[in-house]
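When you get a sec, could you build the whole thing from the sequences and use the hints?
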Amino acid sequence: MTAGTLTSTPRSRPERRPLMAFVRRNRRAFSALLIFLVLLAIFTILNPKVFTNAITYRAIFLSLPISLFVVVPMVFIVASGEIDLSFPATVGITSWVFSAAVRSGWEPFAALVPALLLGMLIGVVVGSLVTYVGLSSLVATLGMNFLLRGIINMGTEGVAIQFPQMRSTTLWQVFAGRIDGFPIIDDFPIHMIWGVLFVALGWVLFNRHKFGTQVQIVGDNPDSATEMGINVFRVKIAAYVFMGIGATLAGVLSVLVNQNWWPTTGDGLLLPTLAAVFVGGTPTWGGIGTVVGSSIGAFIIAFIETGIIAAGLTGYVTQFFNGLVIIVSLIGHRFNGPRYR
Amino acid sequence: MSSRLVELKNITKSFGNVNAVNDVSMVINKAEIVGLIGDNGAGKSTLIKILSGVYSPDSGEIFIRDRKIEGRWTVAKAHEAGIETVHQDRALAVQHTIARNIFMGREITGRLGLIRVKKQYEEAERLMREIGFTSKVFTPDSVVATLSGGERQGVAIARALYFEAELLILDEPTTALSLTETQKVYNFMLAAKEKGSSVLFISHNIYHAYDIADRFVILDRGTVVMQADKSEIESAERLVQHMKDFARAGHRAPG
Ligand SMILES: Nc1ncnc2c1ncn2[C@@H]1O[C@H](COP(=O)(O)OP(=O)(O)O)[C@@H](O)[C@H]1O
Ligand SMILES: [Mg+2]
Chain A
1 MTAGTLTSTP
11 RSRPERRPLM
21 AFVRRNRRAF
31 SALLIFLVLL
41 AIFTILNPKV
51 FTNAITYRAI
61 FLSLPISLFV
71 VVPMVFIVAS
81 GEIDLSFPAT
91 VGITSWVFSA
101 AVRSGWEPFA
111 ALVPALLLGM
121 LIGVVVGSLV
131 TYVGLSSLVA
141 TLGMNFLLRG
151 IINMGTEGVA
161 IQFPQMRSTT
171 LWQVFAGRID
181 GFPIIDDFPI
191 HMIWGVLFVA
201 LGWVLFNRHK
211 FGTQVQIVGD
221 NPDSATEMGI
231 NVFRVKIAAY
241 VFMGIGATLA
251 GVLSVLVNQN
261 WWPTTGDGLL
271 LPTLAAVFVG
281 GTPTWGGIGT
291 VVGSSIGAFI
301 IAFIETGIIA
311 AGLTGYVTQF
321 FNGLVIIVSL
331 IGHRFNGPRY
341 R
Chain B
1 MSSRLVELKN
11 ITKSFGNVNA
21 VNDVSMVINK
31 AEIVGLIGDN
41 GAGKSTLIKI
51 LSGVYSPDSG
61 EIFIRDRKIE
71 GRWTVAKAHE
81 AGIETVHQDR
91 ALAVQHTIAR
101 NIFMGREITG
111 RLGLIRVKKQ
121 YEEAERLMRE
131 IGFTSKVFTP
141 DSVVATLSGG
151 ERQGVAIARA
161 LYFEAELLIL
171 DEPTTALSLT
181 ETQKVYNFML
191 AAKEKGSSVL
201 FISHNIYHAY
211 DIADRFVILD
221 RGTVVMQADK
231 SEIESAERLV
241 QHMKDFARAG
251 HRAPG
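In order, the protein sequences belong to chains A and B.
Numbering-wise, my numbering puts 262 at position 262 of the first sequence, and it's gapless, one number per residue.
Numbering-wise, my numbering puts 181 at position 181 of the second sequence, and it's gapless, one number per residue.
Hints listed in this document are in silico derivations from the structure and should not be mistaken for laboratory results.
Only a predicted model underlies this, so the values are computations on that prediction, with no experimental measurement involved.
In this text, a Cβ means the ideal position worked out from N, Cα and C, and glycines have one as well.
Careful, some of the hints might be misleading.
Have a look at the derived ranges for each label pair, beta carbon to beta carbon [unchecked claim]:
no.	chain 1	residue 1	chain 2	residue 2	range
1	B	E125	A	I327	39 to 45 Å
2	A	L324	B	E122	57 to 63 Å
3	B	N187	A	S128	44 to 50 Å
4	A	L330	B	S178	36 to 42 Å
5	B	G110	A	T264	42 to 48 Å
6	A	V133	B	L179	44 to 50 Å
7	A	V38	B	K136	33 to 39 Å
Under 8 Å between C-beta atoms, here's a sample of chain A residues computed to sit facing chain B [claimed, not checked]:
no.	residue
8	K210
9	F211
10	D220
11	S224
12	E227
13	M228
14	G229
15	G287
16	I288
What follows is the structure, given as structure tokens:
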């Protein structure tokens, strides 16, 4: 194992320029950013007035944080080698608990507690089905999504919960209020700041914490992880618990923003969330991922929805455009980095 | 103080109806190199995975320094007891860096479970320099998937050496290595013995095993068929002959 005997295969030298090394290490996030900039350019050429106007971005920032709260944990789940299709119903059922508690007179901050506990419990249950019971996460979480949504439907028989006075609560002001006189974007939605903080927390957990590192190792090779003493089941369950927490926060935020809880709350999140994760550069095969890239992916998806209409195109082209962006970005990521497994 | 480091007593492990390890008892003394040999499928890897805490045996007992292990024997406990293993599959996460692989499952953490990335890099770099596992084309930040088979084996071996084991277990560690690299691994084993550590190693190459081991344990279809000191066996050829005899005789040869 000396230098002489190890240099049999010619390879590129280790990168010596720090900036290039940084770009190379984060190439997936950078290519997500590139996709976003290309889209921005296209939309701006189509309708310069709208896309240089701050109000357009405020509209995006109103809904974007809700998806960030599920996109970030989904990066962990996918990197651990699994998938979660049950989070939309988790969003629905935890925000239902929150709404029902507030409705019956709980202080909204206190109502967060049972909602979060339920979200974490669902994470433990789903995670245990995938690990200890050994079910395929694709099928088990699909079933779980129907099951939990079914519980909502049976429990509410389709009746929504309205909160006309929500804006007067402290929770609303802290979590979903507006900031007057924010630079460039007046009336800035506060929850965008929470969303960005959550992404930052996700980045630290994923890249600098034992938890995120072990999530990636488990997804890369569960046998290796076991041989080195990592408890694969526990790591995967922890990822599902993180998803439960994110889903609860997304659900509660959705109720606060809309001042309304519907039995369908969360349903619309499934496909955009998955699209965001993969468009953002987290690969499907597990072992690696990018929290920042996939968060930019969430921005891209939200941007398309708002952008299509704002650009003066009809809403009928949204799906076609979404599909086009997904395919093109996957092709981009494919050629941007080698696939090792 | 006895000279025993590890003792396995009546270890049995089955996978479905495959009796991978069947009533195996053996001892590893302090500062000795034990060669575990046997055909493909003899149960060598299964046995060392039991000793390293990866598998739980169906029955049997493990003693470390004459103390019986109570409760579940795990990888973490084996690590604590000073047992380091280079597994046959190398146990790497290939999409990750060399440094991350060296500290896999035993990350160096500071406050709040945050990983000390720089410290891990420096430690990995120091280790690689010390054992001569260096090159112009890779650093501790290189992704394992970009390394050759021999280099990957180097990462797995480097990891085991980093934690300075009292028992170093190597499961066919030299399969992807050149002759000079193989010699280097043997030198690591001899150095470990010099420092008072023990080595349990599995090799396909009986001639290699004969050169380096102090004692041999031959496994055949899950059963120990022979244990002998090197002094009891005149040459590597005799060892090969023994193995052929057992293969012909089938099970339950005298040991
Ligand atoms: N995880 C497993 N599941 C099922 N069978 C296994 C497993 N591991 C090993 N075996 C079987 O146990 C026997 C011994 O395997 P192993 O210990 O790998 O042998 P060796 O390392 O001596 O070549 C083989 O028949 C093998 O097929
Ligand atoms: Mg083997």
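The hints, checked one at a time:
no.	hint	in the structure
1	E125(B) to I327(A): 39 to 45 Å	42 Å, holds
2	L324(A) to E122(B): 57 to 63 Å	46 Å, violated
3	N187(B) to S128(A): 44 to 50 Å	47 Å, holds
4	L330(A) to S178(B): 36 to 42 Å	40 Å, holds
5	G110(B) to T264(A): 42 to 48 Å	45 Å, holds
6	V133(A) to L179(B): 44 to 50 Å	49 Å, holds
7	V38(A) to K136(B): 33 to 39 Å	38 Å, holds
8	K210	5 Å, holds
9	F211	7 Å, holds
10	D220	4 Å, holds
11	S224	4 Å, holds
12	E227	4 Å, holds
13	M228	4 Å, holds
14	G229	3 Å, holds
15	G287	5 Å, holds
16	I288	5 Å, holds
Hint compliance for this structure: hint 2 alone is broken.
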